[in-house]
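**Student:** Just so you know, the sequences run in chain order A and B.
Numbering follows UniProt numbering, with no gaps: position 115 of the first sequence is 115.
Numbering follows UniProt numbering, with no gaps: position 134 of the second sequence is 134.
Bear in mind the hints are in silico, worked out from the structure with no lab data behind them.
We treat Cβ as the ideally placed atom computed from N, Cα and C, and that holds for glycine.
No false leads were slipped in.
Pairwise CB distance ranges (calculated):
| id | chain 1 | residue 1 | chain 2 | residue 2 | range |
| --- | --- | --- | --- | --- | --- |
| 1 | A | VAL391 | B | LYS151 | 46 to 52 Å |
| 2 | A | GLY296 | B | ARG167 | 53 to 59 Å |
| 3 | A | HIS385 | B | LYS151 | 42 to 48 Å |
| 4 | B | ARG97 | A | LYS77 | 52 to 58 Å |
| 5 | B | ASP88 | A | GLN447 | 30 to 36 Å |
| 6 | B | ARG97 | A | GLN447 | 33 to 39 Å |
| 7 | A | GLU48 | B | GLN247 | 46 to 52 Å |
| 8 | B | LYS151 | A | HIS197 | 55 to 61 Å |
| 9 | A | LYS77 | B | LYS151 | 45 to 51 Å |
| 10 | A | HIS385 | B | GLN247 | 47 to 53 Å |
| 11 | B | ARG167 | A | ARG63 | 53 to 59 Å |
| 12 | A | GLN34 | B | ARG97 | 40 to 46 Å |
| 13 | A | ARG63 | B | VAL116 | 49 to 55 Å |
| 14 | A | GLU394 | B | ARG97 | 31 to 37 Å |
DSS-like mimics (lysine-lysine), calculated; alpha carbons at most 27 Å apart, straight line:
| id | chain 1 | residue 1 | chain 2 | residue 2 |
| --- | --- | --- | --- | --- |
| 15 | B | LYS172 | A | LYS35 |
| 16 | B | LYS155 | B | LYS71 |
| 17 | B | LYS2 | B | LYS115 |
| 18 | A | LYS446 | B | LYS28 |
| 19 | A | LYS455 | B | LYS2 |
| 20 | B | LYS151 | A | LYS368 |
| 21 | B | LYS151 | A | LYS35 |
| 22 | A | LYS368 | A | LYS35 |
| 23 | A | LYS401 | A | LYS414 |
| 24 | B | LYS115 | B | LYS162 |
| 25 | B | LYS71 | A | LYS455 |
| 26 | B | LYS115 | B | LYS151 |
| 27 | A | LYS368 | A | LYS305 |
| 28 | A | LYS368 | B | LYS172 |
| 29 | B | LYS155 | A | LYS368 |
| 30 | B | LYS2 | B | LYS162 |
| 31 | A | LYS414 | A | LYS446 |
| 32 | B | LYS155 | B | LYS28 |
| 33 | B | LYS28 | A | LYS455 |
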Amino acid sequence: MSDKPVNHARAAEHFIEDTPHLQFHDERLWDMRQKRDAQMHILPEWQELREEASRIKEHTLSRLPEYLEQFETNARKNGIHVHWARDGAEHNRIVGEILKAHNARNLIKSKSMVTEECDMRPYLAKQGVTVTETDLGERIQQLDDQLPSHIVVPAVHKLTADVAKIFAKDYHTDPEIRDPHLLAEAQRQAARPVILHADAGMTGGNFVVAETGTFVVCTNEGNADLSATVPNLHIATIGIERLVPRMADMGVFIRLLSRSALGSPITQYTTHFRGPQKGGEMHVVLVDNGRSARLGMEDFWTSLKCIRCGACMNTCPVYRRSGGLSYGAVYSGPIGAIIDPTFNERKYSTLPYASTLNGSCTNVCPVKINIHEQLYKWRRVLVQHHEMPFVKREIMHMAGKLMGQPRMYRAAIKATEVSLSTMPRFVLYNWLNPWGKHRENPHPVKQTFNDWYRKNRETAAKPAAAPETKK
Amino acid sequence: MKIGLFIPCYIDAFYPDAGIATLELLEKLGQDVEYPLDQTCCGQPMGNSGCNSDAAAAEALFVRNFARYDKIVMPSGSCTHHVRDNFDAIPQTDEVRHVRENTYELVEFLHDILKVDAFPWAEFNHTVGLHNSCGTLRALRTASMSELGEKPFSKPMDLLSKVKGIRFATPKRPDECCGFGGTFSVTEEAVSAKMGVDKVRDHHQAGAEYIVSADSSCIMHQQGCAERAGVPIRFIHIAQILNGASQ
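Using the sequences and the hints given, assemble the complete structure.
**Tutor:** Structure representation (structure tokens):
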């Protein structure tokens, strides 16, 4: 796969040009943010819950190996097969082997971002396994051959008409359907026979409980429960950071998850999986895929606290206007921008810049990840590692020098004023000047504040600071 | 108390009236204010871009200019945020720490330090929409933030409501970022401009004649967006209203 830097700005520009999609996307996600706010106001203990969730996650991450082993021991006691995958390739191989051992060719799968991370579907396709997504949004994205654009609502960037077109192609429904209920019904009719005849089911896992050796899956469509229970073979793919120590901790996270995500008090289905069903088999694949390495990154390890609610995406004014696909990554939005570079610094070097650092993401995060501060820190790291376009780097270098030399700086300010007042519009508003593409330039002034002060407060003007050092 | 006045580059070059109003206002309030002539920039643009080492010269100059003052006041939230929270391209000497700990954004200086309770000279017979920059709102916490569900408070609003004749309009998304974001406004021009247009339309639809802000960088961006999109709304720095500007 190419590691050419993702051009977020250009992809975002493209998304913005499509007004109906942009407007729907922005309003839909803002609506989720507002519903989240309403839920927060209902619970006076909201900030305490966030604090508690953050504390539990930090504690767990600080003793991750210990808790993982505790989970493994208890899960095995429950009759669950536990596998460890260092990376995506190992994960895919493990899943492939389990399926092969059962001669399973049809896998139904509930939403799981980790399998996207591992690029599992193409791998299994080559092994002759048909993978069918059972989550409505995820299925739409699968049929359209796109990554999910949002962690929780994967097809949120699509309008009903887009879905109708996709379903018409694959399900032979009327491409003119505009009723979402009819489209949901079409998916139901198409998915049910596949589910009934599946050889194996796969889910993710929102939470893994060390003390009990169990895991919890939260959905709103019930598709995970079907995927896990209709076939006799259930494989759950879970990132190693999804752990909590005790069952008692679940109360904190279940209260926060759906409220933060969609602004609903709880997910429609919150299922605790304790072991295989009678006559069946249950496998848990615990995936590292860079997580241990991230745990060792001083400034960035707390991103592992993430419970994948998507609240940071919903509140992010940049994400809402650029769409998830513009991030060119499995994880988009603010959380994506701080974890994607841990997978590939060069490819995702532009993402920490796809933010105004406004900090709203940090405020909504149910586990109190300091997202915008990590975005800031990532920029420093990427510049140190030379993952910044040469021109921009040079401009900053020159600006930095200029700002240290008052006389040169004064001369430069003069030049700016002269150019703004005398340069013809077509020069100012050409492609070299992105500022002027959708904005007027600031108006030129007769004198700067500095000039005014020299003229009007001359006597008060104090001598310069220590003289500049000659370079 | 000797005050060093820092006038950020946007104000110096494009909004000198906001700088003059800041100085005059502090003088009206009986403050001993000086403006060191050899000032340039606080280093924020470089720091924000990740080019932190390039901010060293600006930060060192800033300290040379301002270390001798008891308090440093500036009419800019984002620059204050840089000095206070991210000013670390140079070794953290006692002088640097003094500067960082004693730098204030104008509104918080008036509200928290001087505790000004009247602006008898100020009258502004217009409906205004307040724009809190993210620097003042979320970094300096000069107002409550909608995401945290705090009991509502607003230092700029406290000050503005002491001005005769002023009326307020509240936009639908009062504390959404306007999209300036420093170099973001250029490197992500399309998203930035879209955010800016949305912001000024929101204020306009709420009935604001003016957008008032403590940050000229946000104003410069929003004004550019409003003018291009033909949104009839005017812009003013909070210092100008508090200093008695009538329009």
